[in-house]
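> For the record, the sequence lines run as chains A and B. Sequential numbering of the first sequence, starting at 0, is according to numbering that gives the first Met the number 0. Sequential numbering of the second sequence, starting at 0, is according to numbering that gives the first Met the number 0.
Don't take every hint at face value.
What the hints assert, rightly or not - Cut-off 30 Å, straight-line C-alpha distance, at most; resulting in silico cross-link-like pairs (DSS-like, lysine-lysine):
1. B/Lys454 x B/Lys570
2. A/Lys192 x A/Lys44
3. B/Lys454 x A/Lys37
4. B/Lys570 x A/Lys192
5. B/Lys158 x B/Lys101
6. A/Lys192 x B/Lys551
7. A/Lys37 x B/Lys546
What the hints assert, rightly or not - Computed footprint of chain B on chain A; a stretch qualifies when at least three of its residues, placed anywhere within it, have a C-beta under 8 Å from a C-beta of chain B:
8. 4–14
9. 31–40
10. 116–129
11. 133–144
12. 248–259
No wet-lab data here; the hints were simulated from the structure. Glycine included, every Cβ here is placed at the ideal spot set by N, Cα and C.
Letter by letter, the chains look like this.
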Amino acid sequence: MISLPLIIIASLFFMGIVIRTKSITSGRKGPGIFQPMKDVFRLWKKGAVYSETTSFIFQIAPSIYFASVLMAILTIPFGEYPGLVSFNGDFVFFAYVLAIGKFFSIIGALDTGSSFEGMGASREALYSLLAEPAFFILMGSFALFTGHTSFVDIFTSLHFGTYISYALGILATFILIMIAMIENSRMPIDDPKTHLELTMVHEVMILDNSGFDLGLILYATNLKFAMYGALIANFFIESLPIYISILIFLAVQFTFAIIVGILESFNARFRMGNNAQFIFTLTSLSLLIFFGVLLILKKIV
Amino acid sequence: MNILIYKIVLGITVLLFFLPKKWIYSFALLLIISMCVITSWWAGSVLFGSEMQPLAFIQLAGNSIYLEIDKLSAFFIIIINFTVLTGIFYTKGYLKPYAEKKSKTEFAIHYFNFVWLHFSMLLVSMIRDGLSFLIVWELMSISSFFLVLFESEKKETIKIGLNYLIQMHIGLVLIMSGFLLAYFQSNASLGFEGVASFFSQHQPFLVFFLFFLGFGIKAGFIPIHTWLPHAHPAAPSHVSGVMSGVMVKLGIYGIIRVALLLKTDQLLIGEIIIIISILTGVFGILNASIHRDFKKMLAYCTIENIGIIGIGIGLFLVGEGLNNIPIMIIGLSGALLHTLNHSLFKSLLFYAAGSVYQQTHTRDMENLGGLIHQMPQTASLFLIGSLAIGGLPPLNGFISEFIIYNGLIDCLRQPGLVHSTLMMVALASIALIGGLSLLTFTKTFGTVFLGNPRKKLNHTPKEVELSMRIPQYIIVAFILCIGLFPQLFFIQLLDIVIGIVPAIKHTDVIAFYPMLDLIGIVGFYATIFLLLIIVVYFLRKLLTQQKIAVRKSTWGCGYVAPAVNMQYTGKSFSKSLSKLLNFIVLERKVYHEIEITTVFPTERSYQSHYLDFFEKTFLKPITNRLLYSMNYFVFIQNGKTHFYVLYGLLFILVIFLSTLFHLI
Numbered sequence: 000m001i002s003l004p005l006i007i008i009a010s011l012f013f014m015g016i017v018i019r020t021k022s023i024t025s026g027r028k029g030p031g032i033f034q035p036m037k038d039v040f041r042l043w044k045k046g047a048v049y050s051e052t053t054s055f056i057f058q059i060a061p062s063i064y065f066a067s068v069l070m071a072i073l074t075i076p077f078g079e080y081p082g083l084v085s086f087n088g089d090f091v092f093f094a095y096v097l098a099i100g101k102f103f104s105i106i107g108a109l110d111t112g113s114s115f116e117g118m119g120a121s122r123e124a125l126y127s128l129l130a131e132p133a134f135f136i137l138m139g140s141f142a143l144f145t146g147h148t149s150f151v152d153i154f155t156s157l158h159f160g161t162y163i164s165y166a167l168g169i170l171a172t173f174i175l176i177m178i179a180m181i182e183n184s185r186m187p188i189d190d191p192k193t194h195l196e197l198t199m200v201h202e203v204m205i206l207d208n209s210g211f212d213l214g215l216i217l218y219a220t221n222l223k224f225a226m227y228g229a230l231i232a233n234f235f236i237e238s239l240p241i242y243i244s245i246l247i248f249l250a251v252q253f254t255f256a257i258i259v260g261i262l263e264s265f266n267a268r269f270r271m272g273n274n275a276q277f278i279f280t281l282t283s284l285s286l287l288i289f290f291g292v293l294l295i296l297k298k299i300v
Numbered sequence: 000m001n002i003l004i005y006k007i008v009l010g011i012t013v014l015l016f017f018l019p020k021k022w023i024y025s026f027a028l029l030l031i032i033s034m035c036v037i038t039s040w041w042a043g044s045v046l047f048g049s050e051m052q053p054l055a056f057i058q059l060a061g062n063s064i065y066l067e068i069d070k071l072s073a074f075f076i077i078i079i080n081f082t083v084l085t086g087i088f089y090t091k092g093y094l095k096p097y098a099e100k101k102s103k104t105e106f107a108i109h110y111f112n113f114v115w116l117h118f119s120m121l122l123v124s125m126i127r128d129g130l131s132f133l134i135v136w137e138l139m140s141i142s143s144f145f146l147v148l149f150e151s152e153k154k155e156t157i158k159i160g161l162n163y164l165i166q167m168h169i170g171l172v173l174i175m176s177g178f179l180l181a182y183f184q185s186n187a188s189l190g191f192e193g194v195a196s197f198f199s200q201h202q203p204f205l206v207f208f209l210f211f212l213g214f215g216i217k218a219g220f221i222p223i224h225t226w227l228p229h230a231h232p233a234a235p236s237h238v239s240g241v242m243s244g245v246m247v248k249l250g251i252y253g254i255i256r257v258a259l260l261l262k263t264d265q266l267l268i269g270e271i272i273i274i275i276s277i278l279t280g281v282f283g284i285l286n287a288s289i290h291r292d293f294k295k296m297l298a299y300c301t302i303e304n305i306g307i308i309g310i311g312i313g314l315f316l317v318g319e320g321l322n323n324i325p326i327m328i329i330g331l332s333g334a335l336l337h338t339l340n341h342s343l344f345k346s347l348l349f350y351a352a353g354s355v356y357q358q359t360h361t362r363d364m365e366n367l368g369g370l371i372h373q374m375p376q377t378a379s380l381f382l383i384g385s386l387a388i389g390g391l392p393p394l395n396g397f398i399s400e401f402i403i404y405n406g407l408i409d410c411l412r413q414p415g416l417v418h419s420t421l422m423m424v425a426l427a428s429i430a431l432i433g434g435l436s437l438l439t440f441t442k443t444f445g446t447v448f449l450g451n452p453r454k455k456l457n458h459t460p461k462e463v464e465l466s467m468r469i470p471q472y473i474i475v476a477f478i479l480c481i482g483l484f485p486q487l488f489f490i491q492l493l494d495i496v497i498g499i500v501p502a503i504k505h506t507d508v509i510a511f512y513p514m515l516d517l518i519g520i521v522g523f524y525a526t527i528f529l530l531l532i533i534v535v536y537f538l539r540k541l542l543t544q545q546k547i548a549v550r551k552s553t554w555g556c557g558y559v560a561p562a563v564n565m566q567y568t569g570k571s572f573s574k575s576l577s578k579l580l581n582f583i584v585l586e587r588k589v590y591h592e593i594e595i596t597t598v599f600p601t602e603r604s605y606q607s608h609y610l611d612f613f614e615k616t617f618l619k620p621i622t623n624r625l626l627y628s629m630n631y632f633v634f635i636q637n638g639k640t641h642f643y644v645l646y647g648l649l650f651i652l653v654i655f656l657s658t659l660f661h662l663i
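Next up, chain A with everything else stripped away, as it sits in the complex (with noise of 0.2 Å):
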């Protein structure tokens, strides 16, 4: 139930310290920390143009897309505090009910019937595809660990003690920050700052939105990475009073934000034929986790 307030508050400004750091790491003055949600917000007052190819789908998409990414959120719990959504798999609901989301953005995306935001569309739905068994297998290992199968369960019951479980932990959430870049399509995968459309993968695909529609994708991207953060900061909160692990949650998002500002400041996004590869590394990680907790299990000696 908190959690939804916390990430909402989470999205507003976790976009304006992303570009916050890199204009810093730059050496530029760069816009304020809430200049993201400013030009939302702007949007969502404009008027659209919509492409004469378009159908119903068009309309329909970004509407859908930033449902899903609101009913996922819905699923992320805090701390002990469940989220509104819980119930035994509902890890599984959330993937799920990203994929309908990301459906949604990809036939949107072919309906402009345009060259590049098909190219766009396929790179999206090929990363997302790949990181697909990362995420199951780290939520696996996970169930497999605590013996629950729900966010909450799982959170609650992961008590880091020994040496192999705190190595569980960081891998944990650097394959959650990941999964996060690729959802996002962010650097190292995606460069949004790019100026060739040819070169893009998220960017590319909503080249048509305008308006309302596009604002509302962009603040989906917000409460994306506010979501994901909220995921990490789950690890790292256990059974603290509430005004604590607030400012953990706090602390988390705004460490999230400054380290996707590094990564995008000081990398350079892969070649395109090497994402896959990349994206595949993360699913050796995860599984890296799961013989982590064969091992603390002792069902390998």
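Given the coordinates of chain A, work out where chain B should sit on it, guided by the hints.
For chain B alone, kept in the frame of chain A given last:
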């Protein structure tokens, strides 16, 4: 009384050949409806009432054959009846363009076989006796063979049909040897009873895998799936809908029927089935994602779903081996629910694809595009089918996949390293399958229905007639029902599972009610999700209705002369995936360079198509070798009659001698 009407309905199918052309359809419809009423009555009374006494059907070789309906049969009867009914309603509009082209006899043959496909599928699910089971199984194969041959004026169709027929007979031989092996080594009768008593006395592996292979050919497990991607595109769409929706499922029925009889070694068999199913699922959807023939794509997608169902069956067996009742229930109910779900959305997709084919006369998606403007309803129906088959909430595919996920996670926690690892691999592969099907269906839907038309068609496509759309809307209603209120269906499934697995007592199921609640909760949140989408959409509508909306051409990134053939194609959409996995997805390119022989050189050409890995690397070499070695025996068939008489004499002589010396 009922059985008499049943026999009469079976008998009067012959009348189809003597009716005038315009009455054939109505009579076939009448036959199918009456058959549906009779068998659904039986099935309903078994599902909701008490057990049913076997009905004496006919005398065969001195034995009387009974129709036995237990809950498993009843479940399959309901699925068969529903899909065939939607199929026959759809047929009316679909075959209309052929009315001039085809003769009365051709129509009569087609409908006769369609009716008999229905009847034989029902009989397969009702008969337990070995010999008559094999006969009705054969009837099912032959009637579907003739249905595939409907467009027999195309040379390719005959070849595909023969390929199908031969593969089905290999399957038949395997099933037959399974029955016979069990019969000769046990004292019980030929049939499932004999198999049961065989399993209680002997090692089950050989017999079980004979059955698994035999039924697996029908179902489409790899590497014996190769008939599916050929036969489904060649058959008319109502036939491929029924074949893929239910006929393939009777392979699953057979496997479940035999698996239920196992007494020992369930654990190992279950694990082997899970491994085969994982490979089947990933291989199926991977191939589906690259093909440009959209009916071939759907055929491969059937293979993928058979893999998911197989994982459920494997889970059931693993649960039985571990003596873990919850895993057994989850596995079997997941498999059955996915069987039902797949029969719904796959027939829907085939019907929608058939509507596209009827209007455009092409199955190649690279020639299509922008059909959503001319056929908005077909497009929406196809979209709903695609979402459902991708396992996305709030539709029915999600529910069965969710159940199977739950089973896998449950099984993950069982002691033992092997299970944990296997279940983790299964978990990751279902996730991968989900991702791949997202790519496959966004590609297909996007290429066929969205964007601009890629080629000029001979006539402008328009929305198909109402009689073709209504069955599809009925299917959509069921898809939504299962997606939003899954507990209603799941409780029935639990009932079926108790009815067919003797090890599961009623008390176990009461302990299973939390799972039922969980399924209910998933349905509830799916509903909430649907409402959330609607709310967001209406908010958007409310906020934007005052704003200016302009329609302009698609932004071409500064390029001012865009053309339709610059659109992204389906092939390029999946190209990066196929390049990544080019060791499984074999691409064959044929490139003809221009030959400079004359002053005006001809066009150069470039083709590329994908080959099936197993067909190319296993089946083709084997059949080629076989053909080659058969060359040595050509002298036997020399066309001289007196030689053939001599062979007969030689045969008698050999038999005589070998009995004389007690060789046989």
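> It remains to establish, for every hint, whether it holds in the given structure.
Against the structure, the hints come out as follows:
1. B/Lys454 x B/Lys570: The given pair, whose Cα atoms are some 15 Å apart, holds under the 30 Å limit.
2. A/Lys192 x A/Lys44: 24 Å, holds
3. B/Lys454 x A/Lys37: With Cα atoms ~44 Å apart, lysine 454 of chain B and lysine 37 of chain A exceed 30 Å; violated.
4. B/Lys570 x A/Lys192: 28 Å, holds
5. B/Lys158 x B/Lys101: 20 Å, holds
6. A/Lys192 x B/Lys551: Holds, at roughly 26 Å.
7. A/Lys37 x B/Lys546: With a Cα-Cα distance of about 19 Å, the restraint between lysine 37 of chain A and lysine 546 of chain B holds, given a limit of 30 Å.
8. 4–14: With 0 residues in contact (Cβ-Cβ under 8 Å with chain B), the coverage given for the region 4–14 of chain A is violated.
9. 31–40: Not satisfied, violated; 0 residues make the cut.
10. 116–129: It holds, with 11 qualifying residues against the three required.
11. 133–144: With 7 residues closer than 8 Å to chain B, the region 133–144 of chain A meets the three-residue bar; holds.
12. 248–259: With 0 residues closer than 8 Å to chain B, the region 248–259 of chain A misses the three-residue bar; violated.
In summary, the numbered hints that this structure violates are 3, 8, 9 and 12.
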